[in-house]
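Keeping the supplied structure of chain A fixed, place chain B upon it in accordance with the hints.
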Amino acid sequence: MAYDDLRSFLDTLEKEGQLLRITDEVLPEPDLAAAANATGRIGENAPALYFDNVNGFTDARIALNVHGSWANHALALGLPRNTPVKEQVEEFARRWDAFPVAPERREDAPWRENTQEGDDVDLFSVLPLFRLNDGDGGFYLDKAAVVSRDPEDPDDFGKQNVGTYRIQVIGRDRLAFQPVPMHDVAQHLRKAEERGEDLPIAITLGNDPVMAIVAGMPMAYDQSEYEMAGALRGAPAPIATAPLTGFDVPWGSEVVIEGVIESRKRQIEGPFGEFTGHYSGGRRMPVIRVDRVSYRANPVFESLYLGMPWTECDYLVGPNTCVPLLKQLRAEFPEVQAVNAMYTHGLMVIISTAKRYGGFAKAVGMRAMTTPHGLGYVAQVILVDEDVDPFNLPQVMWAMSAKVNPKDDVVVIPNLSVLELAPAAQPAGITSKMIIDATTPVAPDVRGNFSTPAKDLPETAEWTARLQRLIADRH
Amino acid sequence: MNDEHLECPRCAFDTITQLASSPVPGVWDVLQCARCLYTWRTIEPARRTRRDTYPEAFKLTEADIENAIEVPAVPPLIGRS
Chain A
1 MAYDDLRSFL DTLEKEGQLL RITDEVLPEP DLAAAANATG RIGENAPALY
51 FDNVNGFTDA RIALNVHGSW ANHALALGLP RNTPVKEQVE EFARRWDAFP
101 VAPERREDAP WRENTQEGDD VDLFSVLPLF RLNDGDGGFY LDKAAVVSRD
151 PEDPDDFGKQ NVGTYRIQVI GRDRLAFQPV PMHDVAQHLR KAEERGEDLP
201 IAITLGNDPV MAIVAGMPMA YDQSEYEMAG ALRGAPAPIA TAPLTGFDVP
251 WGSEVVIEGV IESRKRQIEG PFGEFTGHYS GGRRMPVIRV DRVSYRANPV
301 FESLYLGMPW TECDYLVGPN TCVPLLKQLR AEFPEVQAVN AMYTHGLMVI
351 ISTAKRYGGF AKAVGMRAMT TPHGLGYVAQ VILVDEDVDP FNLPQVMWAM
401 SAKVNPKDDV VVIPNLSVLE LAPAAQPAGI TSKMIIDATT PVAPDVRGNF
451 STPAKDLPET AEWTARLQRL IADRH
Chain B
1001 MNDEHLECPR CAFDTITQLA SSPVPGVWDV LQCARCLYTW RTIEPARRTR
1051 RDTYPEAFKL TEADIENAIE VPAVPPLIGR S
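Each protein sequence line maps, in turn, to chains A and B.
Here the first sequence is numbered in my numbering, starting from 1 and rising by one per residue.
Here the second sequence is numbered in my numbering, starting from 1001 and rising by one per residue.
Chain A with its partners taken away, still in its complex shape (with noise of 0.2 Å):
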């Protein structure tokens, strides 16, 4: 079923089991970041955490660890929350096949309930901001859907972008924002930039569980987040027009935030604890003046806790950097079976494919590289053959140790580029990065003693579903 805002995805995580509300008073830090983080300490099937007691706040609703599971992500795409992680990414790239599908536009959206303006504009009276780790420079909106529009292109649809990104909150109205160059919202940044203007903005928190999975989504600088949201929840995306900025926002938000990215001005940002597993910061960054705030009546205050992982970040963002990798690479080499890219956003992938001929492996590696997110990703791919499962780990390395002869079949290549984000780089930006081709060498590759491999027997299978059922009927 599909989600039209947060509350309603809430509501069915707890019918589920699959949201527990804290009512016990707790201290808004370091209780709120510590308790999102220990439910990646608890196991695969964590809940979302609802807190409404916060010291020192008279109407706080914060939710946090909403897709921070895999049975809450099976939840968010409308799956039986027990449906295994692979399963999770086949049915994602099944569905994506059905883009685009075309928005609904609603003008009834819940948050024109309430509105503040110009100088009566304080973020702080309207959300319950906290800290997430110890050494972030301030309190930060993690979770949003930002809209921006191409300013060489407003009315194009389709390069209308819908991203997330880092936001530190540094005034009553005003936020500094970290646009990665790699992403789309710099390029519309950038050319307001050279025309000297500013770049309006509208920044949604608090949405539909399928809206954040697209916004984190490495897609087509034209393609549109709210046809894919179509797609994934098989039912067209609920938009409304924003009233300041006249941008399509999602018709379910908890808060809907407009105002300008300043032109060509900067300022200290940072440090965050990132999705890296480090910080970042101390850079100077873009700043956005806050013109208009639009809001539900009780909004609940939607945050992610981010850090070492594995965090919320990485259920979020794992599903959904798989699919336009295998898409993007299949699009060329159909032989690719299946991509494993949940480490870090793809900084790591694993790659399943068969051979056309010898060599074939290490030239899909370079074109996962190559990819809009390679530009900016894919520092290190591990290639498996077609029958290894690249989400099954003691498979790869079972595929590692025995199939790869380091000096052939490691390759690295230095100086492309990456993500200032990466800890690793030197500098920022630049990293050398690494192919570990751990397929079968096939002709004209005819390296390695690989003629007689040990396959499952023929009769495996029929055995494997005659245990299963075995041990099923013992309970």
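Simulated from the structure, these hints should not be mistaken for laboratory data.
For glycine and all other residues, C-beta sits at the position ideal for the given N, C-alpha and C.
Heads up, a few of these hints could be off.
Not close to chain B: a few residues of chain A, all C-beta gaps over 12 Å, as computed [to be verified]:
(1) Leu27
(2) Leu79
(3) Glu87
(4) Ala102
(5) Asp156
(6) Arg356
(7) Tyr357
(8) Met366
(9) Gly448
(10) His475
Okay, the calculated bits of chain A under chain B, using three or more residues with CB under 8 Å as the criterion [unchecked claim]:
(11) 32–44
(12) 56–62
(13) 65–73
(14) 296–310
Below, chain B without anything else, positioned relative to chain A:
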């Protein structure tokens, strides 16, 4: 406000502004350094609110702030580059 700590825990600057105060009166304030923009709630642990216990790795100097690189760099104005 805790007057005895009116110094930025991170960069030791002494101009501190108040961004917010608790909806329940008198429980906490949110303060901000006017120079490095470090923002903290007065009831946070000492490792985040006191200069003498703030982690060395996250301290900033005036030079750090002045020399911080711009990301992304401001592009040349079209026609003037």
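Each hint, compared with the structure:
The claim that Leu27 of chain A lies off the interface is violated: its Cβ sits roughly 7 Å from the closest Cβ of chain B, which falls inside the 12 Å cut-off. With 12 Å as the threshold on Cβ separation, the claim that Leu79 of chain A sits away from chain B holds: the shortest Cβ distance comes to roughly 38 Å. Separation of Glu87 of chain A from chain B is adequate, the least Cβ-Cβ distance of about 39 Å exceeding the 12 Å criterion. Every C-beta of chain B lies more than 12 Å from that of Ala102 of chain A, the closest at about 33 Å, which supports listing it as non-interface.
With a closest Cβ-Cβ approach of about 20 Å to chain B, Asp156 of chain A is found to remain outside the 12 Å limit, as its non-interface label requires. Taking the minimum C-beta to C-beta distance to chain B, about 40 Å, the non-interface status of Arg356 of chain A holds against the 12 Å cut. Every Cβ of chain B is farther than 12 Å from the Cβ of Tyr357 of chain A; the closest lies at roughly 42 Å, confirming the non-interface assignment. Interface exclusion of Met366 of chain A from chain B stands, the closest Cβ pair being 27 Å apart, more than 12 Å.
Under the 12 Å C-beta cut-off, the non-interface status given to Gly448 of chain A relative to chain B holds; the minimum distance is some 46 Å. In this structure His475 of chain A is separated from chain B by more than 12 Å, as the shortest Cβ-Cβ distance comes to about 48 Å. Given a C-beta distance limit of less than 8 Å, the hint that chain B covers the stretch 32–44 of chain A is violated, as 0 residues qualify and 3 are needed. For the stretch 56–62 of chain A, the stated coverage by chain B is satisfied: 4 residues place a CB nearer than 8 Å to a CB of that chain, which reaches the threshold of 3.
Only residues whose C-beta sits within less than 8 Å of a C-beta in chain B count toward coverage, and the stretch 65–73 of chain A has 0 of them, not enough to reach three; the restraint is violated. For the stretch 296–310 of chain A, the stated coverage by chain B is not satisfied: 0 residues place a CB nearer than 8 Å to a CB of that chain, which falls below the threshold of 3.
Comparing the model with each numbered hint stated earlier shows that hints 1, 11, 13 and 14 do not hold.
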